[in-house]
Each structure stands twice: as C-alpha cells, then as structure tokens.
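Asker: One letter stands for each residue in the lines below.
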Amino acid sequence: MPLLDHFHRPNSEDLPWESVNTLWVSSVVAELNRTLPHEQFRAFANRHLGSQVEADVAEFENLNAAHEGNGSIATAVQEYTQAALQTIPAIFPDDIEVQIADVMNRRRLVAVIEFVSPSNKKELAERKSFVAKCCAYLQKGIGLVVLDIVTERRANLHNELMASLGQPPSFPDPTPTYCVSYRPVRREDANVIDLWPTILKVGDVLPTIPLPLKGSDTLALDLEATYETALEQSGA
Amino acid sequence: MPLLDHFTSPVSLPRKWESFHTYWAAAIGAALNRALPPRFFAAVTIHPGGRIEADVAEFDLEPGQAENESGGGLALETYVPPIATTILDAVYPDEIEIPIFDEYEDGRLAAVIELVSSSNKHDPASRRSFASKCAAYLSKGVGLIVVDPVLVMRFNLHDEMIELLGHPASARMAPKSWMYTAAYRPTRRDDKNVIDVWTEGLQIDAVLPTMPLSLKGWQTVPVDLEETYMEVCQQCRLI
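Top to bottom, those sequences are chains D and U. First residue of the first sequence: 1, per the working numbering; consecutive thereafter. First residue of the second sequence: 237, per the working numbering; consecutive thereafter.
Keep in mind that the hints were calculated from the coordinates and are not lab data. Treat the hints with care, as some may be off.
Pairs of lysine-lysine, PhoX-like flavour, derived with a Cα cap of 20 Å [unchecked claim]:
#1 K122(D) with K376(U)
#2 K122(D) with K428(U)
#3 K376(U) with K140(D)
#4 K428(U) with K376(U)
Note that this is a predicted model, so its numbers are computed, not measured.
Assemble the whole structure, with the sequences as input and the hints as a guide.
Answerer: The following block contains the structure:
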C-alpha cells in the first residue's frame, strides 16, 4: 500500500490525516502488544492535541483542587497563594505518541514513537518545543522514532533537532516527510546515538525501521503493515 | 541556616555537593511524602551522567543478549537493524530530581524538582540538554522547581530555557544570577496557555526561600527549601 497524501485532495476528504493517524496509532499499539512479551513490555497510546484540549495538559486554574474527583475532601494541605512574579505564554504541543513501557521495571519508559502533527511543524516555538521533547527522551536513553507524513508543512523536525545539537542536517531541504530511528547507546566508552533517517515519499511503500528499546533489543517496526491496517479500518 | 558554598573551601571534600545533594533530594522527597495526600508519591532519581552513563544509555549488546544477561527478561524476536547511517556523540546529563507521581492518574508525572549539579552547567551541550529537559516537562503541563546553588559555573539555566523556547529577554533573570531557584506552573487562564514563573536569586549566607510546587491537576503547595536544607546540614554535621 503506497503512502498517500492525507493533506491534499482527494485523500484529504476521504482519508483525512486526523482519522488515519488515530487508527495508525492504534494499529501500532496493537501490533506491538501482539509481538512484545506481554509480561515485560506494554505499548499504549498517548494522545493530546495541544491546540484543542490544552486543559488535558495544563489544568484549568479554577478547578476546585481541594476536592478530589470522587467528591471527598482531600487531606488538608497548605496551599501556596503568592502571585507569580511573571507569566509567560506557553505552548502545549500536540502529543501523538506510542509509548512502550517496561512493566517489569517500574513501568520505565523504554521507547517512544512520535507521530508528527501539522501543529508540531507550524511555528518556530512549536517546532522548538517538539525538538526539546525529543532531546529529553534521548537524554534519558529512551529509544525514539519520529514519523512525519505531514505534507502540508515543509519544516523538517529532525534537521531542526540536528541543528540544536550542533550537527549538520541529515536530509536535503526540503524533505517534509520522513522517519528517523534514534538509538542512544554506550559503545567503546563513549555515549553515542545511532541514527537511521529515511525519506518517505508519497506513492512509495513504507519501510520497516528499527525501534530501539532501552535495556533490550532493537525491534523491527513494520510501518507498511500498520499503515495498511489503519487505511483498511478507515474504509480505504 | 544560611546557604553554604558547597563547591569551594572551607566545606570539606566529603560534604561537597555530590554527596550533599543526594541527602537533600531524599529530604525534600521525604518532606513531600509527609505533607501531600496519599495519591501523590515523591520519588528520588539520581543519575550522575558523566560517571554511570550505562544506567541511562544501555551498553551496546548483541541481539538477544539483553534478556540472557538480565536473567529474568523475556525473549524478543531477533532483529538485526541495518548499520546506522549516522552516529552522534551524546550527552547524558547529571540527573538529580524528585519526580512526584499522581496515583489517581495512573501514576502520571505531576511535578518535578530539579537540583542542578555543576556538570549541568559545564558546557553548552550540557546546558542545552538541561534546558531541553525542563522545557519538555513544561510542555506536558508538569509543574517544575529548579534549585541551582552552583556558584562555580557562572551560567543561568533558566535563561537558557527562556532562550531555547524563544521567549523575549524580559523573561530572563537579572544579570549575574548564577545561583537561583525558579518555579514554573503551566496553566490555562482566560483561554490562554501560560506558565507562571517565580524566580529568586540565592546568596551564600542567606536563608533559602519557600517555593511553589504546582502539581498537575491539583493545587500548588509550598516547598520549604530552608527546612530541608537545614535538616541535611545537620545530618552531614555541617552545623
């Protein structure tokens, strides 16, 4: 099944990105939970669309926080009431992730698959925010895959991540659709990150890419199979 | 108890920052667990990045070796990825933090207190790395306090984060604020996403402040830095 352009006609109407993306995330979660040893690893979806449901990320200020959700009164805790010295604007970026946790090790996060959304690529501040999030995962040695099929914006978040690390770009400009696997590892007394950048093209079959798990092996992630499942479920 | 300089004499070697901050993180975690309702749990995470990186980035293992060596792991289908096309040098920063988890929300992270170490400020890559981590917490709406008593490295990591996120210079701290504490509360107010910020400079021989810790989905509680600092100074026989 070749990669489709979900942001322009005709597919933007019949197979819009929002719908296909949701089903693709589910398909990847299902596939990982089918193939990973269930006693050790668990994959789950983490989906927060920043611009639409920010309250899910940053709680509304006027919540009656002293009351717990079930109606009982919380333990009386002194509240800090002093006003902030400064208030700065915030961006809560879209978070569309598959997280893989090691349930035998206190649900330690071992890998994350980031599905890039259009808003992740929109403004400089949003791109910086996404790059910072990816850097934070890599600093903790968590395996990472960034998957970007957003054709309507030209930014390349991997190249921006490389720039933030003082590295040359991996992709020529413009490369709006791509995927990259990152494996933080310690080799020969040095800390390194192995990279597998791949250009994705509309009309091409999607590749199988490495999904590195912190403290374990590197898995094969079959993008094609999961994408096909998502399209089938979308009625394609 | 006035703040001591843990990075230069006369504070004796074993009581310098590396050892002291471990006690301090544990004391702050314990104080929070005493004060907060049972739904919250404060843990302590300490990874001295430059020394035990393998705790963060695993050693490069042959496929299948991970479960064999761990003894209790489970076998995965073997996959040998192609050789990486690019290999980057990586920085695994020191991590001395107190993450607070919310059991009502499936153990999600509600807040973090970061104790800065000298290696977090050592070079541009380390500073950027620390700033990225803080920015990532805030972008997920997690409350944050940064405590930076490192006088020997004359940088301000709050300013690094402000620059990283593209905020105007007016959001920076006063010049030469090398030691400071900052608290951040991501919130939504009047249909806008904002971060409330409290910053305070730290001074040697001055008393430490009480800072606000914003717990995601709950309220903001005071963290008395002075009380826990004094407790640890006593434990370390500095007073």
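Asker: Does each hint hold? Answer for all of them.
Answerer: Tested hints:
no.	hint	verdict
1	K122(D) with K376(U)	holds (18 Å)
2	K122(D) with K428(U)	holds (18 Å)
3	K376(U) with K140(D)	holds (16 Å)
4	K428(U) with K376(U)	holds (15 Å)
Against the hints set out earlier in the document, no violation occurs for any number.
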